[in-house]
Every structure is written in C-alpha cells, then in structure tokens.
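Trainee: Generate coordinates for the entire structure from the input sequences, incorporating the hints supplied.
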Amino acid sequence: MTDTDLGTAAATFDGTHSGLAGRLGDSVARPDGVPKAQGSYQFSGDLTADGFLWGATLRSPHPYARIVRIDVSGAWKIDGVAAVITAEDVPGKATYGLISQDQPVFASDIVRFHGEPVAAVAADHPETCRRALAAIVVEYEVLTPLTDPEQAVDGSFPPIHPDGNIVRHQRIIRGDQSIEGPIIVEGTYEMGRQDQAFLGLEAALAIPAPGGAGVELYVATQWLHEDRKQIAACLGMPEDNVRLVLGGVGGAFGAREDISLQVHTCMLALRTGRPVKIQYDRAESFHGHVHRHPCTVWMRHHAGTDGRIRRIEARFLFDGGAYASTSSAVLINGITHTQGPYQCENATVHGWAVRTNNLPSGAMRGFGVVQAAFAHEGQMDKLAAAVGVDPVEIRLRNAMQRGDRLITGQVVDNVAPVARLIRETAALPLPTQPVGGTDHDPMRLPGGAGRTADERHIVRGIGWGVGIKNLMYSEAFDDFSTARVRLADGVASVKFATVEVGQGFITIVGQIARTVLGVGEVVLETIDTQIGSAGSTSASRQTWMSGGAVDGACRLVRERLFELVAAKYQLAAVQLEIDGTDVVDTLGTLRIPVAEATAGILIEETFEHHHVPTEDLDEDGQGNCHTAFAFVAHRAVVDVDPELGLVKVVQIATAQDVGRALNPLSVVGQIEGGIAQGVGLAVMEELLQVNGIVKNATFTDYLLPTFLDMPDVVISLVEEPDPHAPMGAKGVGEPPTVSSTPAVVAAIRDALGKDLHRVPVRPSDICF
Amino acid sequence: MSVIVPTTLAEALAALADSPSATVVAGGTDVMVEVNFGHRSVSDVVMVNRVAELRTWRRDADVLHLGAGVTWSEIEASPIAEWVPALAQAARTVGSPQIRHAGTVGGNLGTCSPAGDGLPVLAALDAVVHLASADSTRSLSFAEYMVGPKRTARRPGELITGVTLPIVDGWQGYSKVGVRNAMVIATASVALVVDAGSVRLALGSVGPTILRCPEAEVFAANNVDFTSRVASSEVVAQFAELARAAARPIDDHRSTAVYRRHAVGVLASRLLRRAFPNE
Numbered sequence: 001m002t003d004t005d006l007g008t009a010a011a012t013f014d015g016t017h018s019g020l021a022g023r024l025g026d027s028v029a030r031p032d033g034v035p036k037a038q039g040s041y042q043f044s045g046d047l048t049a050d051g052f053l054w055g056a057t058l059r060s061p062h063p064y065a066r067i068v069r070i071d072v073s074g075a076w077k078i079d080g081v082a083a084v085i086t087a088e089d090v091p092g093k094a095t096y097g098l099i100s101q102d103q104p105v106f107a108s109d110i111v112r113f114h115g116e117p118v119a120a121v122a123a124d125h126p127e128t129c130r131r132a133l134a135a136i137v138v139e140y141e142v143l144t145p146l147t148d149p150e151q152a153v154d155g156s157f158p159p160i161h162p163d164g165n166i167v168r169h170q171r172i173i174r175g176d177q178s179i180e181g182p183i184i185v186e187g188t189y190e191m192g193r194q195d196q197a198f199l200g201l202e203a204a205l206a207i208p209a210p211g212g213a214g215v216e217l218y219v220a221t222q223w224l225h226e227d228r229k230q231i232a233a234c235l236g237m238p239e240d241n242v243r244l245v246l247g248g249v250g251g252a253f254g255a256r257e258d259i260s261l262q263v264h265t266c267m268l269a270l271r272t273g274r275p276v277k278i279q280y281d282r283a284e285s286f287h288g289h290v291h292r293h294p295c296t297v298w299m300r301h302h303a304g305t306d307g308r309i310r311r312i313e314a315r316f317l318f319d320g321g322a323y324a325s326t327s328s329a330v331l332i333n334g335i336t337h338t339q340g341p342y343q344c345e346n347a348t349v350h351g352w353a354v355r356t357n358n359l360p361s362g363a364m365r366g367f368g369v370v371q372a373a374f375a376h377e378g379q380m381d382k383l384a385a386a387v388g389v390d391p392v393e394i395r396l397r398n399a400m401q402r403g404d405r406l407i408t409g410q411v412v413d414n415v416a417p418v419a420r421l422i423r424e425t426a427a428l429p430l431p432t433q434p435v436g437g438t439d440h441d442p443m444r445l446p447g448g449a450g451r452t453a454d455e456r457h458i459v460r461g462i463g464w465g466v467g468i469k470n471l472m473y474s475e476a477f478d479d480f481s482t483a484r485v486r487l488a489d490g491v492a493s494v495k496f497a498t499v500e501v502g503q504g505f506i507t508i509v510g511q512i513a514r515t516v517l518g519v520g521e522v523v524l525e526t527i528d529t530q531i532g533s534a535g536s537t538s539a540s541r542q543t544w545m546s547g548g549a550v551d552g553a554c555r556l557v558r559e560r561l562f563e564l565v566a567a568k569y570q571l572a573a574v575q576l577e578i579d580g581t582d583v584v585d586t587l588g589t590l591r592i593p594v595a596e597a598t599a600g601i602l603i604e605e606t607f608e609h610h611h612v613p614t615e616d617l618d619e620d621g622q623g624n625c626h627t628a629f630a631f632v633a634h635r636a637v638v639d640v641d642p643e644l645g646l647v648k649v650v651q652i653a654t655a656q657d658v659g660r661a662l663n664p665l666s667v668v669g670q671i672e673g674g675i676a677q678g679v680g681l682a683v684m685e686e687l688l689q690v691n692g693i694v695k696n697a698t699f700t701d702y703l704l705p706t707f708l709d710m711p712d713v714v715i716s717l718v719e720e721p722d723p724h725a726p727m728g729a730k731g732v733g734e735p736p737t738v739s740s741t742p743a744v745v746a747a748i749r750d751a752l753g754k755d756l757h758r759v760p761v762r763p764s765d766i767c768f
Numbered sequence: 001m002s003v004i005v006p007t008t009l010a011e012a013l014a015a016l017a018d019s020p021s022a023t024v025v026a027g028g029t030d031v032m033v034e035v036n037f038g039h040r041s042v043s044d045v046v047m048v049n050r051v052a053e054l055r056t057w058r059r060d061a062d063v064l065h066l067g068a069g070v071t072w073s074e075i076e077a078s079p080i081a082e083w084v085p086a087l088a089q090a091a092r093t094v095g096s097p098q099i100r101h102a103g104t105v106g107g108n109l110g111t112c113s114p115a116g117d118g119l120p121v122l123a124a125l126d127a128v129v130h131l132a133s134a135d136s137t138r139s140l141s142f143a144e145y146m147v148g149p150k151r152t153a154r155r156p157g158e159l160i161t162g163v164t165l166p167i168v169d170g171w172q173g174y175s176k177v178g179v180r181n182a183m184v185i186a187t188a189s190v191a192l193v194v195d196a197g198s199v200r201l202a203l204g205s206v207g208p209t210i211l212r213c214p215e216a217e218v219f220a221a222n223n224v225d226f227t228s229r230v231a232s233s234e235v236v237a238q239f240a241e242l243a244r245a246a247a248r249p250i251d252d253h254r255s256t257a258v259y260r261r262h263a264v265g266v267l268a269s270r271l272l273r274r275a276f277p278n279e
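Keeping their order, the protein sequence lines are chains G and R. Quick note: the first sequence uses UniProt numbering, first residue 1, plus one each step. Quick note: the second sequence uses UniProt numbering, first residue 1, plus one each step.
Residues from chain G that face chain R, not an exhaustive set, calculated with beta carbons under 8 Å:
| id | residue |
| --- | --- |
| 1 | A449 |
| 2 | R451 |
| 3 | E643 |
| 4 | L646 |
| 5 | K648 |
| 6 | M684 |
| 7 | L688 |
| 8 | D709 |
| 9 | P763 |
| 10 | S764 |
| 11 | C767 |
For the record, the hints were derived by calculation from the structure and aren't laboratory data. Cβ atoms here follow ideal geometry from the backbone N, Cα and C, with glycine treated the same way.
Mentor: Structure below.
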C-alpha cells in the first residue's frame, strides 16, 4: 500500500500551505478554517482505502463482571465477516497505558467498566459488523461494582485490579503545621464527570504491510509517538514497523491522549491483510475515551484578619475510574495548585487518585487544576465574606508575584502578573444590557427558547475566578519536541510530528518561518512518525515546545544561509540579518531577496527543543516539579431564575497572561472555546453514571452549551513576554477553562445569596 | 426492506394497506434517532414527505387544519404563529433550526412522547387528530388519541393525516423547562389557553400522557376576571398548587419527580399571570 491508494483523504496536512502571509504577532486565519466551515475538510472519519473493511468493538454491558465464557462462533457464521478477535489474539503486550500499562487491549477475565472492549470484528459493512457483534455470546458473572471512591481510600472494598484500588497518594507538608486562624473558612467542593465532547469522533484506518511485517495507522490522536510506542508493544512489533500518520483531528481536549481504537484497528488489519477502518459513534465515544476526573475537594483556609492566607489544609479525592491512565499526574497537578494564584507559606494537603468501576478518567483541558480552582476560588469568596472585603480585594491582597513559592517549595520563575490580570479584568466593561435586554427578547432570559420567565423573576449576579495553570509536563519528564526545516528557492518546508487538533499550531509554524527566515511560502510536510517526537498536544505546551523546535531549526537554517551569503559576497556572517523578505547587511552594502539568496541551494537543519528539567516530589510533596506557569482572571455575570433554577451566563470578562500573542486571532479562539467548556462544566455538562451504568451517552442528554448559552466574552490579552518561553509566548489553551467555571458559580451564588458547592450546578441545587 | 415514496395520499394509504406495520417517516427526526441507537429495527418504510396533501394547511373560519407533514419551522412563522401563538412558541423549542425544518407536527403525534414539545398545546386546544386508512377515516380528540407514553390509538395501516385546531380569541402561551436555553428535551412543559370564559391547562413531561388539569381549569375559570384580565395572587398560587397536584412525574436521568412537580407549578402560575396580568 502506498499513500496514493488513499486518494485525497490521506495525509491531511501533506503539502498544506501555512497560509500565504503573516508573521509572529499577526492575526493569521487558519488554512483549514474555510474547508472545516464548508464541510470539505477531511477528518480521520472520512478516510478510505481500496478494499477496506469496517471494524467494530464489542463492549461490556456491565461495570464489573467476570467473563465466564466467550463464544465467537456465531459471528463467524455471518457472511462478510473477515475477522473476530479477543484478548487471546493480542500478539504482544496484553495491556497499555500512558503511565502504567494496566488497561487490557481486550478484557480477558474481568470487565471493570461499562463499555470495556471485549472483542472486535472486521467485516464488509458496518451493518455486518453490528450483526457479528450481536452474534458473539459473552457469559458474565456480574459482580457488585466499586463506585464510591471513598471505599477505595478506606480499603473497605476488595481490590478490583491486581494493581490495587489506590492509584496514588501524595501529601504536601510545608511550613508551620500549627497555624490556626484567626479567620477560618472551610468547604467541600464536588465536580461531576465532564466529557471532552470533541465533535470529530474517534476514527482510524490501518493499512497492513505485505506479509504483515508492519502497519500504517492513519489516526486522530494527540501524540503520534506515544501511540506508536504503546501500539507496537501490544502488536509485539518493533516501533520501526509501525508508522503513524495524523488523520484530520476534530478536537481532542485530552480525550485522545489515551489509546482507544488504535490497537484494535491495527490487529484487525494485520489479521485480515486488508485495510481496516474503525469509527466510533457518539455513544461509543462516551464509553471509549477517558473523561475529566470527578473529584471531591475539602479545603480549610486559615487567614489573618486582613484576609492574608496563613495556611491551607486540603484533601483531594480524584475518581480515576477503572484504569490508571494519567490519574497519578492529574492528582499531582491538582494538589500542587491547592493555593491557586495566591501567596501561601504553610500547607497540609493529602490527595488520592483511586480506582473504581466508573469510566476511566484521564486528561481533560485543565488536567486536575480545574478541580483545584473550583475549590480554592470558592474558598476565596468565603474568605472575603469572613473578612468583610469584596472578592476583588481579597484576591489582590493575596495575589502571587514572580519569585513567590508554591506550597511545593518551587519558586514561580515566570512572569506572574496576577494583580494586573485582576485589575484589567475589573476594568473591562460590564454588560450594558439590563436583564432581558433593552429589546425585551425572552431569548435573553434564563430558560431561553422555553419562555419560562419574565424579567421580574430574574436576579443578576457577578462572580470572580482567578487561576494558575502549569504549562508542559511535570515531575522530571522530558517532553521535548523535534522539527526539521528545509530551505530552498525561497520556500521553507517544515517537518514535525506535532499534532494539530484545532489549536492552531499550523498557523504558528508559518509565522515563525516567515519571521525568522524571511520566506513567503511555507510548506508543512506530512505529520507522522517519520521524525522525532513532538510530545503531546496537551498541557498548553505545543507553541512553547514545538514552536521552540521550529524556531530553533529556523535559526540554524538562517545561520547556514548567512554563512553562504557571507561567503559569496565576502561579508561577515554576523553582520547579516533578515529584513522582511530580504537578507541585508547591517552595514548597508547588500540587500537581496531570500528567494534569490537560496536559489539552487538546499539548507536543512533539525532541532530538538527541551524545557528546563524538573524534579519528582519528595514524600512531603516538595520539589521543583513543574516547568512553567500561566495565569488568568475571569469575571462572570449571570442571570438566574431562583424559582426554576435556570441560568443564563450573560458575560465573561477575562484578562489572560499570554506572554506574547503570536496569533491574536487564534488566542481569542482558544479563550472563547475554553470559556465555553468552563461554562458547560459550571451549569450543564455531566456524564451520569448510576451504579457504574452510563445514563446519558448521547448529545440529546449530555448537554453542551449552544449559541444561546454562550456568554459574550470580553478579553484583555496581557502581554509580558516570558523570558523562559521561546518567542516569549505562554501556552493559552488551558487557563480559560481553569477559572471560568468558579467565576460562573460565584456569580450564581452572588445572585442567590446561597452556597453552591457542586458543579455542574443543577436547577434543583438553585431552587431547593 | 422496502422503501415506498408515494406522492399522493391515496398512494401512501395503499402502501400502508399492503404493509400495515411499515414505519412511516416524514422528517425522520425521531425515527432516525431510534434507528441509530438500535432501538428500532426498520423493515418496510413509507416516506410521506412528498405527499402534497399532508404538507399543506388551511384556515376555515375559526378552525385551522394542519396537514401532518407541516414542519415546525412553518408553524413558528407567520401566519400560523399569529393564529396559534402557543403552538408557535412550542415549535421554537423543537430541536435546532435543521430539526425544525425537517420535523413535523404529524411526527410529534406519531411518536407521541410525553415530552413531545407540541403536544401540550394540542391537548390544551382540544385538537382533533385525523387518521386515515385505505378504506376509512376517523377523527379522535387528542385525549382519545394519546393513550400512554409513546402509545396512541393509531391502528396498523392508519396514517395520521392532520390535526384540527380552534383559533381562539383569548390569550394562549407555552413554557418549557430544560437544562439548556435551546435545543433541549423538556424536563417539564405547560400550555395555557384562555377562551370564552374557560381556562385550559395541559402539562407535558410530568406523566405518562399529556395531562389536562380539570380542577385547576375550573378553579381558574371561577376565580378570574376575564374582562379586566384580573387574577389575584392567591388565585395564581392556588392554580399553581392544583397544577402541581395534577402532575404524575417520575425520576429519571433528566430530572427528578420533585423538581418536575415544582416546575409545572411555577410555569402554570407564570402563564396564568401572563394571561391575567392584573392583580
């Protein structure tokens, strides 16, 4: 098989032009924006190949059961079925996982969550697949599931996995443990299970090499090389025999960081010797990927009468679900952000990430910090009330600055404009429209199209949330990124394995190359594993890490170019620079277009960008475990119908610490999108499980904000370039999600004068 | 599997006579969801979206006849919206614009979910549902037609041809609670119709069928001033209480019985106040 068999669907970014213009700092439109809006963009679900088969997955209907018997013979009797595979057929390692490999490719003896894969089939048509799955007989001995994470902590439930029910416990002990009061505020905060709900469903196409010596997988994912490592291990193949190519990705938000259909698709292709495609539908997607951790956080803040925090006590309990995924890292992110963006010298924190028979939890935008922020921001408002100052003042009094220490002892050595963010947010205009608007459109009221309320039923509240988010990976992980740049005839070609999930890296690449090299045209090569790793598109890290790699490679290429030009014109290379699209001599003797200077030559350089090393935490949770930090402030205005418990988020104002906005249009998109996800978590998004059974795995009942639910967003980009960041730019993807949720909830509390301590806030939480 | 695409009512009825248990599809906005979730296996299909007789409406004096194939986007627009504003308000809450362009009033009746957005209005207006088969026609009041959750009096071989509604002079309105400001399934819904000395109240999503509230209706009719549009706050409160008492809600993953009962009371009181704005 070759790429040409795939037609235009293959290699979505192969030869893509990264826009035609735009340098760092310009607002550059995405090259894939119009095709996505018009529906012509090829997502990985649109992939096809000559003679391909469809694959499908049989999943457990039980959250916890012993598999007594699997009889696949019925599936084989159906015309068109080409393969039926179970755990017995896994050629290599039986399990996978990002941090510990504890999740089976197929359950063999025990199923541990509702929807765990048990078998898969390949057939000539999706309907044939459906019938084949229905013909597989699985006899289960149903067991009582562990669904209460407290039972995992207290040891009262027998282990549901050989690795035990506690994925990780970590404490943070810092400073004077005896400090009490004089002001004490306390609260317990709960968060339900949010789904990433990307619109482009999981899909992959696997193409076997002749003789089954290897496999090519076209897939929507977040980290090609990590996928390859896990897939190769499960297939029992050297990594070199597995090539991954990025299929068009329709959003990720953390849900594509774990393996879902990758190994199954490759196994079916290798078994049948034919291309195989698997594509989940929405219901299967809800079962097939990890979600944000449901979490319970207890906090007790001790403060002076001036409201300055003196000590924080906290306990975090993250429900990791059936398999470990990234729970141990999510836990560390949560507990190390206990204090929020505030100064705090003394702390006593205990955190657990535990295993249950609920859906596996893992990465989602904000990665543990969302849970911490909902709690610490609730606490800040309680503290403000206890001290008798307003929510802005309490936050200003405690605002972290560069050089302050986290409760892990780590010095925050990044730009940390917390007070400025709060002040700039406060200075943004409040909504000019009264409740219901000057046009009295009922659509503007809580209840929207349902016309449930009149203006007199509505009260308006204002709430605040301020956040800190670590950027890049933590705890001694070297999540480097690689880029290769070729310059010839005035055109730069850039090769990288950085996954574009919609965040906008493909525009940044062109902006960097045009700025550093003075080229007009930038070609992006196929995004695949034919170059070193880029690390994951997560943790707000790709502009910093892969941007750093592209920038580094471009600078190496530029040095070589200057050497060539200097030699040709008998100048010193150090006195050359790029001015627009020209190479110029700073002494004024030479100006030639880059296109002319590079005619007939080829310069190629590869660069790996590594961030500063980080450390593991010690047993008291001390250590420089994080790479860098970004900050954000949110102010929410929410209209509430107290009697029916319905809400309308009217406006969110935000100032965000972006370092430098390399593509302001794209930054605004990240902020608006992150806020939409934060609003959803605040007031409607929750995947419900009852005794481990998923109740609402559809978009009919898992509600995402619509246009009518999305507030106006007013933005101030605070640009203080970070000295540690390549190009000064901080990651911007996660902060909008971190503290927009607590801001919305604070506004509802403000409207009602009532404590709310759980998200999403349900109508019954408001009106009863 | 067969798919018949008739273009006249006679052809459609003939097709149903040949295959009485065929699945009738107009907009497909309910059927396709059930098919996609594997809740319905479709053998024979009769597509009625090209049957002109079903896609038209007409007004005869104070009666509006809607063909079963009239879409929600037609109902939410003028002139139907001026004649039956409560139905137009309900129409606006049906799904997204795309769904409203495809989904029909006949489909709402065919599925007959207690959460069907248009049904409380049809119940409150005492709408008449028209059914036809190859050899006969009959008409049922809405209350006769809907017999349970997603259960109707429609017989195999029968097609819903339309629904007849009175055009009333008095105030009418509709409210629906969902946990999102648009495009959401009703947690609870209420339709209120005031007409010639009567008050009619229907509740959705709080019982196995759409529920009328005779006690509340009689109480309101006896205690409001229709001419000067006065209702005391005590009357409004008691009306809400009677609406709550009429509800027969359940707990499910969308909400609780307690909240649903509470919500229909709030909606009933707010609608009554909109109809009778003076205290």
